[in-house]
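Visitor: Since chain Z is already given, all that's left is putting chain V on it; use the hints.
Number of protein chains: 2
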Amino acid sequence: MKEELALFYQIFTTTKDAIERFMSMLDPVIEHAKDDHERLYYHHIYEEEEQRLSRLDVLIPLINKFQTEKEEKDFSPNNNEFNRLLQELNLEKFGLHNFVEHLDLALFSFTDEERSTLLNKLRADAYEGYQYVKEKLAAINERFDHDYVDPHAHHDEHHDHLAAPGTPPAANEPNKRRGFTVGSLI
Amino acid sequence: MKEELALFYQIFTTTKDAIERFMSMLDPVIEHAKDDHERLYYHHIYEEEEQRLSRLDVLIPLINKFQTEKEEKDFSPNNNEFNRLLQELNLEKFGLHNFVEHLDLALFSFTDEERSTLLNKLRADAYEGYQYVKEKLAAINERFDHDYVDPHAHHDEHHDHLAAPGTPPAANEPNKRRGFTVGSLI
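If you read the sequences in order, they're chains Z and V.
For the first sequence, position 171 matches number 171 in my numbering, and the numbering has no gaps at all.
For the second sequence, position 56 matches number 56 in my numbering, and the numbering has no gaps at all.
Think of the hints as simulated: they come from the structure by calculation, not from any bench.
Please note: incorrect hints may appear among the correct ones.
Claimed, not checked - Computed from the model, here is a short list of chain V residues facing chain Z with C-beta under 10 Å:
1. Q10
2. H44
3. H102
4. F110
5. D112
6. E113
Note that beta-carbon positions come from the ideal geometry of N, C-alpha and C, so glycine has one too.
The shape of chain Z in the complex, shown without the other chains (with noise of 0.2 Å):
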């Protein structure tokens, strides 16, 4: 469990530095936007990451709190804390999951080499956090068969379609690549 939690640090302080790297990237967008859509577009993806950022400074020092205080035996179900540190964990392989779909919508529209290298490299990073995280929770939720139900579990099964790293956003489009229609993904 350390080894998992020491890349669970690493990953979400990763993102966190992203996550700011990409709201300054939003930053002029927003204030030069050609209209009002444009702008609340925008804004609306910039507010969805601010509030992962503020999620990730309740975890961040949670996974350390685990990391550095805790022993083998408050990793159990019956501890409270550690049933909520899977929790947000849950909930933030999610927040990377659609991090990813804002960097790959990002890069549609910034399309110079500057702001879509950058891009690119973020969301490499993400993808690969992102794929980490969703099977290392897989494996913890099976190791403890704690009594914690995954709400989306049901959800995994489709976000295989995000395309790997250095595949074109085009390629990351769901029906195209699974042949699956959307109504199945309810």
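Guide: Then chain V, alone, in the frame of chain Z:
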């Protein structure tokens, strides 16, 4: 507390139904999107609402449990389940806020009478629900003075830019209405 719980239950049951109606509206739009960008855009919003729906499937029974099985003594910061309830409610306060913005974004594109009428109805409910949850959670946090620190507290100050129902979505634009720059949101 029982009175608030009854209204929370009603608000989140209403918004659960609203999500399903909104997803049904997005379904054909995603299927017939004119290009990959448009498809990813609507699919991304669809997925975020789908994630919210999954969380509400857990939250609504938890509200109901506190409403029907619990007594005043259980509404205490010493009760881990109560703390979890408050934390989940706080998260779904932001879920309602983001839903209002998803609806505002949709109102820019779905301008035909049938869809815009429904969207405006869903928006009015979500806006009202958001305001109620925000106010009541602030009061509850104050009343119990528990040790849970709302990680989004600083955020709320800036969320009043959401326009009241009946205001055109364009008015829901923070920089223009409030005169603060996006940078000040950080």
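Visitor: Give a verdict on every hint.
Guide: Taking the hints in turn, this is what the structure says about them:
1. Q10: violated (21 Å)
2. H44: holds (5 Å)
3. H102: holds (8 Å)
4. F110: Since chain Z brings no Cβ nearer than about 12 Å to F110 of chain V, farther than 10 Å, the hint is violated.
5. D112: D112 of chain V check fails; min Cβ-Cβ to chain Z is 17 Å, beyond 10 Å.
6. E113: violated (19 Å)
Checked against the numbered hints listed earlier, the structure breaks hints 1, 4, 5 and 6; every other hint is satisfied.
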